[in-house]
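What follows is the residue order along each chain.
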Amino acid sequence: MINASPTLSADAPDQTKVKIVEPTIFELSSPGRTGVTFPASDVPETALPPEELLRPDLPLPELAEVDVVRHYMHLSSFNYSVDTGFYPLGSCTMKYNPKINEDTCRLPGFLYTHPLQPIETVQGNLALMYQLQEWLKEISGFAGVTLQPAAGAHGEFTGVLIMRAYHKSRGDHKRVKMLIPDSAHGTNPASVGMMGMNVVQIPSDSRGNVDLKALEAACDDTVVGMMLTNPNTLGLFDENIEKVIELVHGCGGLMYGDGANLNALLGIVRPGDLGFDVMHFNLHKTFAVPHGGGGPGSGPVGVAAHLVDFLPEPIVGIIEEGEDDLPPLYGFVKPAKTIGRMKAFHGHFGGGLVRAFTYIAMHGAGGLKDIAQYAVLNANYLQARLRNTYHIPYDRTCMHEFVAEGRFAGSDVRALDISKRLMDYNFHPPTNYFPLIVHEALMIEPTETENKDTLDAFADALIKIAEEAKTQPELVKSAPHTTKFGRMDEVKAARELVLCCWLPEDFSDQ
Amino acid sequence: MNVPSHLKYTKSDEWFDPATGKAGISDYAQGQLSDIVFVEILVEEGETIEAGKPIASVESVKASAQVYSPASGKVAAVNKALPDKPELINSDPYGEAWMIQLEGGTAGDVMDAAAYEKYCAERAH
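Respectively, the protein sequence lines represent chains A and B.
Numbering-wise (our numbering), the first sequence opens with residue 1 and increments by one.
Numbering-wise (our numbering), the second sequence opens with residue 1001 and increments by one.
If you are wondering where the hints come from, they were derived from the structure by calculation, not from laboratory data.
Note that the structure is a prediction, hence the values are computed from the model and not measured.
Glycine residues also receive a C-beta, built at the ideal position from the N, C-alpha and C atoms.
Just to be clear, a hint being listed does not mean it is correct.
Claimed, not checked - Computed Cβ-Cβ distance ranges for the label pairs, DEER-style: (1) Pro1054/B <-> His173/A: 19 to 27 Å; (2) Ser1057/B <-> Gly124/A: 43 to 51 Å; (3) Glu1117/B <-> Glu242/A: 38 to 46 Å; (4) Ser1091/B <-> Val66/A: 48 to 56 Å; (5) Lys1118/B <-> Arg170/A: 42 to 50 Å; (6) Glu1087/B <-> Glu242/A: 43 to 51 Å; (7) Pro1054/B <-> Gly322/A: 54 to 62 Å.
Just chain A, with the same shape it has in the complex:
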């Protein structure tokens, strides 16, 4: 029998600070315990499904309500979140999620509606979706927006489907190649691979821009388009963006923008104006929808005028114009050459769309511009403070993030060790080992949320760790020391996959 109570770990280094190990909820289970009592049934009993569909041996945990509440409260106290501290996870835009968003998405009119309700009964919801589409169009410079995609990579897949449909509609069937820079997010080639297209990797030049010569050589009449993140994952705005787009358009390709880094551009540059044809937004990054364990995400896609007809159906439109004091009647419309539906219902409405709408409404046009400017200022401030301690391989004025090397001459301390040691200073580690074109990458994105005191404390910690790497490398290499658990065995976790909530019988004897 498995131990059913919290255990004290015997190897706790300091006996005054015993480490509490939280069992799984299955281990806390005891036969017969229950958290709810059902009232006597007042409806007729119906037969159970056929026997072969019943699984009487499922080890569902049996616990009292208080046990469940305590279990999850314990686990939540092990967690690190934007609400507990600085979270400079590059490329993820872990900004603070204002609490007013939580109020609005719980308004009964939003919370208690069903996606299958007649449109006459959900006009408020549709008006919000319509207005959000309009705002996203205005922010990005695109002509049409779908709110359907469930998250960023789903938005990419939607965007690439639209690109393919566009070429096909013109009878252009030769196009099978997607150009993707070596600094791209891994989801870009994955989305393209799912479509059965070929990925052609385009190198970066010494300043971190797309290598124009390599791009030019790859541009021919088999190119579907190019997927580009701008600013890219080095946090750098491509200095030749207009030339890049010209080359791709010149061979008949379309330009896809990965909107992961839109936070740097709000109110400053509109991707549609630059010549991008398609882009996905990450509402869970740029527009403060919770993510990273607090999801789900939301990945609307914007398109330029020549692609509007290919958007997924349905999108929210005006069915009858309003007049005088009467608002318009909102409903669902089907684009003429739609690629079809990408998701059941209408996107992540309450979790994503209402929160993003609130965030944009609360900031207004001027506020959105402030977001981009403070995000860029904060990243540049941190980069300047760390420049003399950490090598920055593509060192120029950055946008919302920058990438440093987590290694020092004559030391075997690595980016991973530095990241783990940061946890001892109560900071979430930056993204590490990405992008792949930087050795021992530490990708740091402070976001606009943080004040100078926090940025300074973080820079101080990183500078101190660089010193520790010289004077006490073992301290850094065995970190973290102050967290509930020490360093995880990532190799064992990846090689010996046990993904069940309970141990299958084959393992339980071992």
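Keeping the supplied structure of chain A fixed, place chain B upon it in accordance with the hints.
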């Protein structure tokens, strides 16, 4: 870093043995990837492949990577034991961790050991 002199190397860090027709990834590549936790061989015995075609995908705790064929030819054998022991790529990249063996393989765009060593040293900066 171990760079055996009898092998040929690609810019994408695969090795090719012209004598045996075997191919895999270099010691430099495994060092950069760190602990390899997954490998899948993407070609089958009997298949004829061109140099540059993806032959395997490997994943480490840090990253995942495609492995491209350093040579063209007919696949005479694939290392079926490797997917069960991906750690061999870390411990013996040129030996037990061979990935495919080509029959009548013709090397693609490859360099010799000295040139490859120099190429790796340049990338360390």
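Hint-by-hint comparison with the structure:
In this structure the hint that Pro1054/B and His173/A lie 19 to 27 Å apart at CB holds, the actual value being about 24 Å. Look at Ser1057/B against Gly124/A: about 48 Å separates their beta carbons, and that is inside 43 to 51 Å. Checked against the given bound of 38 to 46 Å, the beta carbons of Glu1117/B and Glu242/A, roughly 41 Å apart, stay inside it. Taken as a hint, the range 48 to 56 Å holds for the pair Ser1091/B and Val66/A, whose Cβ atoms sit roughly 50 Å apart.
Hint check: Lys1118/B to Arg170/A, Cβ distance near 48 Å, so the stated range 42 to 50 Å holds. For the pair Glu1087/B and Glu242/A, the beta carbons lie near 48 Å from each other, so the given range of 43 to 51 Å is met. Our hint of 54 to 62 Å for Pro1054/B and Gly322/A holds, since their Cβ atoms are close to 56 Å apart.
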